[in-house]
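Protein chains in written order, with the working numbering: chain A, 3 to 140; chain B, 62 to 412; chain C, 853 to 1223.
Source of the hints: derived by calculation from the structure; they are not laboratory data. Some clues are possibly wrong.
Stated by the list, open to error - Which chain C residues stay away from chain B? Per the calculated CB distances, all over 10 Å, these:
#: 1; residue: P896
#: 2; residue: Y900
#: 3; residue: Y926
#: 4; residue: R990
#: 5; residue: A1023
#: 6; residue: R1056
#: 7; residue: I1103
#: 8; residue: M1116
#: 9; residue: P1138
#: 10; residue: R1150
#: 11; residue: L1192
Unchecked claim - Here chain B is said to cover these stretches of chain A; the calculated rule only asks that three of the stretch's residues, wherever they fall, bring their Cβ under 8 Å from a Cβ of chain B:
#: 12; segment: 52-66
#: 13; segment: 105-116
For clarity, every value in this text was computed on a predicted model and none was experimentally measured. All residues carry an ideal CB built from backbone N, CA and C; glycine is no exception.
Okay, here's what each chain looks like letter by letter:
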Amino acid sequence: MIKIFKYTWAILKGMGITFKYFFIRPVTVQYPKEKVKISSRWRGTLKQLRNEKGEEACDGCRICEKICPVNCISMEVYKDEKKNRRFTSSYVVNFGRCMFCGLCVEACPKKCLVHTPDFEFCAYDRESLILAKDKILR
Amino acid sequence: MIYASQSLGDLWAWALNQFAVFCGWLGIPEVIRYTVEKGAYAVGLLVFISLTALVLIYMERKVSAHMQLRYGPMWTGGWHGWSQTIADMIKLLLKEDVIPDKADRWVHRIAPIVIFVPSLVGFLVIPFDKYLIGADLNVGILIIFGFSSIAVLSIFMGGWASNNKYTLLGGLRSAAQMISYELPLVLSVLGVVMTVGSLKMSDIVMAQKDVWFLFTPNFLGFIIYIIAGTAEVNRTPFDIPEAESELVSGYNTEYSGLKYGFFMLSEFTNTFIISAIAATFFMGGWNGPSWLPGIVSFLAKTYLIVFLLMWFRWTFPRFRVDRLMDFGWKFLLPLSFFNILMIAVWILVTK
Amino acid sequence: MTEQIKNTGFEEMTLNMGPQHPSTHGVLHLLLKMDGEVITEARPDIGYLHRGMEKLAEKRTWGANIALSDRWDYIASMSNNFAAVLGPEKLMNITVPKRAEYIRVIMAELNRIASHLIFFGTYGIDIGAFTPFFYAFREREMILDLYESVCGARLTYNYFRIGGVSADLPADFVPGVKSFIDYFRPKLKEYDTLLSTNPIFMDRTVGVGNISKEEAIDWALSGPNIRASGVNFDIRKDDAYSVYNEFDFNIPTGKNGDCFDRYMVRMNEMKESARIIEQAIEKLEPGDIIAKVAKVVRPPAGEIYTHVEAPKGELGVYCISDGSTLPYRYKVRGPSFVNLAILQKMLKGLKIADVVAVLGSIDIVLGEVDR
């Protein structure tokens, strides 16, 4: 008999909790309408920075290419004799493979490869997930 | 004359009266008059049922969402996603109707109809308002319970005909569950029937003019009724025929499109019927404050019970199938016998 | 039973539970032989999520393997990171800076809470209660927000580095953790009222799926599963790695080793983790976060087995180095994989409703089972 009352009380207490939350404002976010604040360290899609002169800062040291665990970065490098430095003639990131581990950004000696806080990167086909320099260099 | 304060039941009675006078004046035979009257009522009822199902589904979504710190549907139709259920219904209508390859085709097809029709019949004897009752039979409550028993058959048919092991298990479970919970369900109502001395719905409502049976010793019966009723409509904590985490979706796993829609619809109409009976038998039916139309007070009580059932659903875990049987036969059934005994003594003492 | 089947012409039913089933926690495939609702034989069939993690690891540098380790047990990636860095660090004799050690402990324990919260939520769903899931995820979301502010990812953190951690804590991390702990403690009580003391829940879990002490040891269980059987085995205490010997915490154990005990052990572990985090925050002092290590490490030739107490149990990494930048062999002992094995023994004689209760209480992650 006591057991029944104890059980009933436990059940009622459980119901009390759900009832309490019935009147508490939901915590979810109506996503496409309102967006959550993304941390500045968010590891989103990659971006190459330009230097002060407005030309690409990357000098094609290929460290990001080598360190990438999934081999999603590929580049071609040429040497510009006039400016006496290397440039990349192509810099392609296959975001279909990229797992956003951030090792390339960490390894970049020039600090010219950074993450963007963009988490809504998507495409209809796999080819458009492969971004070339015109999209990455911003 | 009609006044704004008059309730829908009075309005219906007045309309019937006018119609009878009109028929008498034209000399239309009684049979046709009767058919037209009941036909009009049936059409109104069908509209009401489909609206109720839509409202209940929407309500379930919102209640569950808010208990779970969510918003639920917010986009479809503008204001708080009010038309989400309509959109879902359209989606269900447009979906492909899949019948499994080795299914028993005819049984598979009939099952959703078999479950839906009894739940429609149940609405006939529910007194929405003073004169607003499809057929005020002198065995009103028995009709409802009798027809709701057919739902077992349908679930079992659906489970068997789908030729799927999960649906089979779901069907078997539901057959065991619904039959064993039918007993406490009927017995719990018996207390009220004994107090009133009639099975007629209108009599039972009239008997509660002064005090609801909820506040008499019938309170125990109310609790038993709610528990058994939850089991009868297969809702958590007694939703083992569907048991999402165990049997995928139970007996309706292999159903799609409109047929699945029927199963879902009947779940909600059954919920409404169970709640409506609770409101009629224990909470005074359409009795209420004089300024409130009877149907409003009836619906308010019904929706309160519906909310209670939803509240159960989104709070409790699910019983295991054998424990469910234990609970039904070893606890609920003796308790309902005790309830009957208690009511009998109470009647004896007060008389 | 078999005789009866022969005599009466009844036959056993084979039920394929999974790989597409709502409560097999991913793509586990259970082959159940059933007599009505009672299970006579159960065989877990795994491999649907096999990605060849160990072979992949042989073609990745030691540093890049940390990023892969995120994918073993994807709801407790910090613990995986922990296991992945300990081996090369020991081979190379690297002393990790104190601050980095404490940060690692805070991260691993927060991850333990997050993982157990997922267990709590999904176990509720397995048993049939939907609502606790959302409450658990609300709290987990706060942990993920904290992680996001530190390492920029919410699921695959890739935060640990050989010799330390990748980034220092942001300014608002420590107050954030403190306020989270303060917020979290009362919520645990709420969970207890919602699920732990619920008679229906107790009815489903108490006395179901018992594992005795001897069985637990024989089947090499680890983590909360073995502790629920009454074996006081916790790598954080027994083979203290990192700075775990500096903290004062209890190891919750159960008595009967049934589903309820396994559940309660995890609930109590969350409290203990909260205590560890508080102590670690007290000890946190400014300093280096990473030791001086080359970008691409070359551990000296040798082999080593390191293990950590992951939320699911003992997560061990056995690695062989041949002195190059790539590991020669990289064997992972996934706790979920080992814990899953006992399922075939436990399920015999139980009902189909108990399958999900037992499976949920073992708390497996298929990413770690199949790797």
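Taking the numbered hints from earlier one at a time, note which ones the structure violates and give those numbers from smallest to largest. Hints 4, 6, 12, 13 are the ones this structure does not satisfy, whereas the remaining hints hold.
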